[in-house]
Structure formats: structure tokens, C-alpha cells
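Trainee: Work out the full structure, taking the sequences as your base and the hints as a guide.
So the sequences go chain by chain: C and E.
Number 244 in the working numbering belongs to position 244 of the first sequence; there are no gaps in the numbering.
Number 263 in the working numbering belongs to position 263 of the second sequence; there are no gaps in the numbering.
Think of the hints as simulated: they come from the structure by calculation, not from any bench.
What you were told as hints is all true, and nothing was included just to trick you.
Because identical chains cannot be distinguished in the list, a pair is counted as satisfied if it fits within a single copy or across any two copies.
Calculated lysine-lysine pairs in the BS3-like style (CA-CA distance at most 27 Å, straight line):
(1) Lys140 with Lys160
(2) Lys225 with Lys155
(3) Lys197 with Lys155
(4) Lys160 with Lys197
(5) Lys140 with Lys108
(6) Lys20 with Lys84
(7) Lys225 with Lys20
What follows is the residue order along each chain.
There are 2 protein chains.
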Amino acid sequence: MSLLVTGSIGIDSVATPHGKADDVLGGTAVYFSFAASNFTRVRLVGVVGDDFPSEMLDVFARRDVDLAGLERREGSKTFRWQGKFVGDMNEAETLGVDLNVLAEHGPKIPDSFTDSDTVFLANTHPTLQRELLSQVKSPKLTVCDSMNLWIANEKEELLKTLAVVDGVIINDGEARQLTDRYNLVEIGDMLLDMGPKFAVIKKGEHGAILFTSEGPVAIPAFPTKTVVDPTGAGDSFAGGMLGYLTEIGDTSPAALRRAIVRGTIAASFTIESFSINRAVEVTREQIEDRVKTFLAMLRIE
Amino acid sequence: MSLLVTGSIGIDSVATPHGKADDVLGGTAVYFSFAASNFTRVRLVGVVGDDFPSEMLDVFARRDVDLAGLERREGSKTFRWQGKFVGDMNEAETLGVDLNVLAEHGPKIPDSFTDSDTVFLANTHPTLQRELLSQVKSPKLTVCDSMNLWIANEKEELLKTLAVVDGVIINDGEARQLTDRYNLVEIGDMLLDMGPKFAVIKKGEHGAILFTSEGPVAIPAFPTKTVVDPTGAGDSFAGGMLGYLTEIGDTSPAALRRAIVRGTIAASFTIESFSINRAVEVTREQIEDRVKTFLAMLRIE
Chain C
1 MSLLVTGSIG
11 IDSVATPHGK
21 ADDVLGGTAV
31 YFSFAASNFT
41 RVRLVGVVGD
51 DFPSEMLDVF
61 ARRDVDLAGL
71 ERREGSKTFR
81 WQGKFVGDMN
91 EAETLGVDLN
101 VLAEHGPKIP
111 DSFTDSDTVF
121 LANTHPTLQR
131 ELLSQVKSPK
141 LTVCDSMNLW
151 IANEKEELLK
161 TLAVVDGVII
171 NDGEARQLTD
181 RYNLVEIGDM
191 LLDMGPKFAV
201 IKKGEHGAIL
211 FTSEGPVAIP
221 AFPTKTVVDP
231 TGAGDSFAGG
241 MLGYLTEIGD
251 TSPAALRRAI
261 VRGTIAASFT
271 IESFSINRAV
281 EVTREQIEDR
291 VKTFLAMLRI
301 E
Chain E
1 MSLLVTGSIG
11 IDSVATPHGK
21 ADDVLGGTAV
31 YFSFAASNFT
41 RVRLVGVVGD
51 DFPSEMLDVF
61 ARRDVDLAGL
71 ERREGSKTFR
81 WQGKFVGDMN
91 EAETLGVDLN
101 VLAEHGPKIP
111 DSFTDSDTVF
121 LANTHPTLQR
131 ELLSQVKSPK
141 LTVCDSMNLW
151 IANEKEELLK
161 TLAVVDGVII
171 NDGEARQLTD
181 RYNLVEIGDM
191 LLDMGPKFAV
201 IKKGEHGAIL
211 FTSEGPVAIP
221 AFPTKTVVDP
231 TGAGDSFAGG
241 MLGYLTEIGD
251 TSPAALRRAI
261 VRGTIAASFT
271 IESFSINRAV
281 EVTREQIEDR
291 VKTFLAMLRI
301 E
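Mentor: Listed below in C-alpha cells is the structure:
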């Protein structure tokens with residue numbers, strides 16, 4: 001089974017109460033790929049500029065991530081993000097964004113990737129999300145993310161994307177913006193009415209809620225003292241969730257429940273370090289050990 | 001087994017996006033009592049003024065709540081609170097507070113209550129909390145709450161109270177203020193270092209975290225669309241939790257885990273209406289039905 005992700009590959013500079021990291025590997029597709037690669041082979045599709053340090057890709061060699069869809073575009077510059085987390089670190093404050101190559105035309109899905117089973121469309125223009133999706137022949141599972149920019153400026157296009165995917169994974173602020181409602185259970189049902197068969201609302205340190213035809217399933221985040229840098233937690237959640245679903249080849253409500261636990265635990269490792277330093281080291285065994293601890297915590301007789 | 005609660009009995013005026021309720025029964029001891037009375041006999045200790053409408057007490061006749069400790073003080077006025085909830089309704093905005101009788105000397109524990117097994121000291125001046133506690137002969141379980149006012153102005157006294165109780169139940173904002181930290185898992189351990197054998201940090205719509213010698217247990221809130229008025233949710237949580245613990249006569253970590261679920265579910269009923277309208281109607285059977293639904297949601301294989 002194969003899992004294709006389209007999204008950003010960027011260079012981040014992040015400050016948190018625990019320190020700072022300048023010019024480190026980041027981007028939605030990157031965090032997603034490392035988390036998902038614990039469970040299945042990952043195919044990454046994205047674009048960087050000719051300024052991208054090629055040694056930054058070395059770390060992918062340690063994981064089962066196929067970079068055949070990573071375009072290095074001459075004359076363009078790599079996406080960059082500068083941000084910081086303060087206080088409870090539950091929301092990033094963006095200090096600067098240079099879209100650079102992300103403001104140009106999108107990447108192309110390589111022929112060798114068009115037979116992918118699962119497709120995750122990380123946040124980008126919703127029209128581009130559908131263009132990318134249309135290049136995959138007959139995916140069994142398609143899921144998208146989005147962000148405040150597209151909800152505010154391209155809502156009609158986003159609704160068209162939501163109408164053609166099997167699932168959506170977004171955070172609570174985005175979900176509230178999209179629906180103009182506050183109650184997350186009400187919002188979950190509204191997301192399902194937009195087309196997807198399942199929806200996940202991510203709440204950062206407060207966990208996540210899964211919505212399927214069987215009703216809401218709320219789970220907490222993994223309780224941990226080790227929160228160094230929350231960057232990429234949401235993308236790691238999506239990567240862990242969809243990596244697991246791709247591995248088991250099952251998208252029943254029961255499988256989705258088990259999958260959000262893998263997402264939760266994948267994210268709990270990512271936030272233990274800056275950039276992907278911890279995510280690249282984590283083993284499948286460490287993930288399943290923590291999954292066991294987490295499920296035991298929730299098993300109340 | 002008997003459960004004594006000391007706290008406020010007040011007259012509230014509350015506005016939420018779902019409407020408003022003026023001059024309705026409220027107060028920490030009131031919400032606590034209705035939730036706890038699903039599980040055990042409750043003994044209420046508090047003071048109202050001579051302006052308190054006696055018909056407001058009629059509703060207690062429908063529950064196993066002993067009002068022998070409710071003092072009606074001549075020449076004094078009842079505590080009043082005016083507040084509103086907006087947006088995600090996770091935090092009340094106080095529009096007005098008239099402490100009235102709560103600014104005078106505290107109540108006295110009646111002789112018939114001094115043999116109580118469990119004592120819950122709802123939020124009041126921490127010195128008064130200890131004075132009240134000292135009037136109970138040999139309680140098996142003692143738990144306190146507090147609030148921002150005492151954390152800011154009476155921290156030394158509050159630490160003395162925390163040093164003599166078995167448990168503390170406070171919300172996330174208070175816990176962060178008390179410890180000057182953000183990470184709730186780190187904070188939970190700090191609370192235990194202050195004396196209590198267990199601590200619960202309440203997070204409103206995001207659930208709660210229990211801390212014992214066995215480590216943190218995080219659970220979500222019960223996911224529901226029916227959130228009319230969150231007033232009293234935290235006190236209902238404490239009431240459901242301690243009512244259950246008093247009923248079963250067990251304070252092991254496993255019992256505490258089951259107890260925070262009862263607290264969660266008791267709160268989920270309280271917020272379905274203004275004031276105690278829903279809380280007074282709920283049955284033990286309805287609570288246990290919802291407990292089953294909640295535990296099944298969390299039982300992920």
C-alpha cells in the first residue's frame with residue numbers, strides 16, 4: 001500500500017520558551033512524511049527552490065520516503081516560515097512568511113506515483129488540491145487539510161474540494177471559521193454534511209475529535225511534560241493517522257478510532273524536539289509502546 | 001457515608017448565546033450538592049441573607065440534601081453574581097459580583113455534621129477553609145477548590161490549606177496562576193508536591209486531567225451539542241466525583257479514575273440548561289447510561 005502526500009517543504013526558524021532553531025527543515029509534507037513512514041511507504045510531492053540545501057534531504061534516506069515527486073525549481077526560492085510559540089504554546093504566532101515557490105504553479109504528480117492508494121492533500125490552494133488529486137488514478141482514501149487563508153478567501157473552492165474527498169483533518173480554529181459556529185460537535189456534523197465521510201478536528205494540547213456516521217469520538221492529547229516545539233504536531237497527527245490507515249487498508253469507524261490514536265502518539269514525539277529531530281529517530285516500537293500506555297490510560301472500567 | 005460541602009449559595013443572572021436567566025439559584029455549594037446527591041447523602045453548609053427567597057430552597061426537597069447547615073443571617077444580603085458566556089463559552093465573563101454575606105464571618109458546621117466522611121471545601125478564603133475543616137472530627141477524604149483572588153492575594157494561606165487536604169480540584173487557569181508554569185503535566189506534579197495525594201485540573205470543554213502517584217490521566221469532556229449555560233460545570237464535576245468516591249468508600253487511583261468520569265458526566269447534564277434546572281431532574285440511571293457511552297467511546301482496542 002502506498003501513501004502520497006502533497007504539501008510544503010520549507011525552511012523554518014522557530015522560537016519557543018525552550019530555545020530557538022534557525023533555518024531548519026520544516027513544512028507540512030515533511031512532518032507528515034516522517035510520521036507516516038513509521039507505518040507505510042510514503043511518496044512526497046512538493047517543490048523547493050534552487051536555494052534549498054541538498055544536505056537537508058539526507059535525513060529522508062533514513063526513512064521509507066520516496067522523493068521522486070520533489071521538484072527542485074531553478075530560479076525559484078524555497079518557502080520559509082518564521083514563528084514563535086509562547087505561554088501554553090497551543091498556537092503559533094507567525095513572525096514572517098515568504099511563500100516564494102509556493103506562490104508559483106504547483107508541482108506535478110510523477111507517473112510512478114499515480115497508482116497511490118491514499119492521498120493526503122496538505123494545506124494549499126483548494127483548486128490546486130483538486131488538480132493534484134485528479135492526477136491520481138483511483139485512490140482508495142483521499143483526505144485534505146486547509147487553513148484560515150483559504151477559508152477566508154477561497155471558501156467556494158474549498159467547499160468543492162471537501163465535496164470530493166473522503167476525509168478532512170483541520171484544527172478547531174479553522175473549523176470554527178469555516179462553519180461560523182462554536183460548538184465543535186455541531187461543527188463536526190456540518191463538516192460531514194459538506195461531503196467527507198469522516199472529519200477530525202485537532203485541538204492541540206487538548207486532543208482531537210473524530211466524526212463519523214457513528215458519532216463523535218473525543219480523545220485527549222498524550223499527557224507529557226516534554227513539549228519543546230509544537231511545530232508540525234498537526235501534520236504529524238495526520239501522518240500517523242493516514243500512515244496507519246494505509247497500512248491496515250481499513251477505513252471503518254473502528255479503524256479510524258485506532259488511527260487517531262496513532263496520530264496523537266506520532267504528534268507527541270514530534271513536539272519533543274525542534275524540527276524533525278525527534279520524529280526522525282522514533283521507532284515503530286516506541287510508537288506502539290506509547291499507544292499501549294495511552295489506551296491503558298483511557299481504559300476505565 | 002456522608003459528604004459535607006461548604007461553599008456559596010447565591011442568586012445568579014447569566015446570559016449565554018442561548019438566552020438569559022435572571023435571579024436564579026446558583027453558587028458552588030448548590031451545583032456541587034445536586035451533582036453529588038446522585039450518589040450519596042449531601043450535607044450543605046453555607047450562609048444566605050434575609051433577602052433569600054425561601055421558595056428557592058423548595059428544589060432541595062427533591063434531592064437527598066440536608067440543609068441543617070444552611071444559615072439564614074438576619075440583616076445580611078445574599079451573594080449575587082452576574083455573568084455572561086460568549087463564543088466558545090469556555091470561560092465566564094463576570095459582569096458584577098456582590099459578595100454581601102460572603103464578606104462577613106463564615107458559617108458554622110452543625111454538630112450533626114461533624115461526623116462527615118468526606119469534606120469538600122469549595123472556593124472561599126483559604127483560612128476559612130481550614131477553620132471549617134477543623135470542625136469536622138475525623139474525615140476520611142478532604143478536598144478543596146480555590147480561585148484567582150486567593151491565589152493572587154492569599155497564596156501563603158492557600159498553601160497551608162493545600163498541605164492539609166487529600167485532594168485539590170481546580171481549573172487550568174488557576175493551576176497555571178498558582179504555579180507560574182504552563183505545562184499542565186508539570187503543574188500536576190507540582191500540585192502533588194504541595195501536599196495533596198491527588199489533584200484534578202479541569203479544562204472546561206477540553207476535559208480534565210487527574211494526577212496521582214500513578215501519573216497523569218487525561219480524559220476529554222463528554223462531546224455534546226447541548227451546551228446552554230456552562231455555569232456550575234466545574235462544581236458539578238467536583239460533586240459528581242466526590243459523591244461517587246463517598247458512595248464507594250475508595251480513593252485508590254483506580255477509583256479516582258472512575259470518579260472523574262462521574263464528574264465529567266454530572267457536568268455534562270448541568271450545562272444542558274440554565275441554573276440547576278437540568279441537574280435537579282437528572283437520574284442516577286441517566287448518569288450511568290451516559291457513563292457507559294463515554295467509556296465505550298474511550299475503549300479503543
